[in-house]
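Build the full structure now, drawing on both the sequences and the hints.
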Amino acid sequence: MKYHKLVAGETTGTYVMETPVTEADILQMAQQLAMSRLSKGRALTEPKQVFSHLQTLLQYHEYEVFALLMLDAKHRVIGFRELFRGTLDGASVYPREVVKIALEHNAAAVILVHNHPSGDPEPSQADCTLTTTLKNALNMVGTRILDHVVVGHDGCVSLAERGYL
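Heads up: the sequence shown begins at 1 in full-length UniProt numbering, then just goes up one per residue.
One thing to keep in mind: the hints can contain errors.
Lysine to any residue pairs mimicking SDA-like chemistry, simulated, CA-CA at most 20 Å apart [unchecked claim]:
no., residue 1, residue 2
1, LYS100, ALA137
2, LYS135, LEU165
3, LYS48, GLN32
4, LYS48, TYR60
5, LYS135, HIS105
6, LYS48, LYS100
7, LYS100, ARG85
8, LYS74, VAL141
For the record, the hints were derived by calculation from the structure and aren't laboratory data.
Next comes the structure, spelled out in structure tokens:
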């Protein structure tokens, strides 16, 4: 992306385009903005905003991606990591690797997130089973799962809101 196309506007949070931009430029800018909103040290206080950022990051992949948003004890972001990539309708997720990454980053809590390339964010039975498996594995090392968010074009579904956690 060419950074010179975008300059800060007079009002905080606004931007002015110096030259024409493509849709690809806009998508890339949106993803960079979403990543900055999930950057190290930021406190997560608004679940809906977090869902929006996660959707911006993952909804356009043509394959399934499983990622981990790691948080400290005060629910501030430690980091966001894509852990596994899969195919059109699935990704292999290894609990051992998830626990290892959480421990490496000293995460007190995590938010699991993956996308459904079909666009439908409705969780599958496999998603619910995986959530339980990872919850049990992470509990063993003192890391809480705050949520498992499934991302689609139509929005996000929170397994915590559905009562799976």
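### Message
Hint check: LYS135 vs LEU165, CA-CA at most 20 Å. Holds or violated?
### Response
Status holds; Cα separation ~8 Å.
### Message
Does ARG85 sit within 20 Å of LYS100, going by the straight-line distance between their CA atoms?
### Response
Given pair LYS100, ARG85 holds - Cα atoms ~17 Å apart, limit 20 Å.
### Task
Sort out whether LYS100 lies within 20 Å of LYS48, counting only the CA atoms.
Violated, at roughly 28 Å.
### Distance restraint between LYS74 and VAL141, which requires alpha-carbon spacing of 20 Å or less
18 Å, holds
### Message
Need the status of pair LYS48, TYR60: alpha-carbon distance at most 20 Å?
### Response
OK: LYS48 and TYR60 at ~19 Å, within 20 Å.
### Query
Taken at face value, is the distance from the CA of ALA137 to the CA of LYS100 at most 20 Å?
Holds, at about 10 Å.
### Straight-line alpha-carbon gap LYS135 to HIS105, limit 20 Å
17 Å, holds
### Task
Decide if the proposed pair is consistent with the structure: LYS48 and GLN32, CA atoms, cutoff 20 Å inclusive.
Satisfied, since the Cα-Cα distance of roughly 18 Å is no more than 20 Å.
Checked against the numbered hints above, the structure breaks only hint 6 and satisfies the rest.
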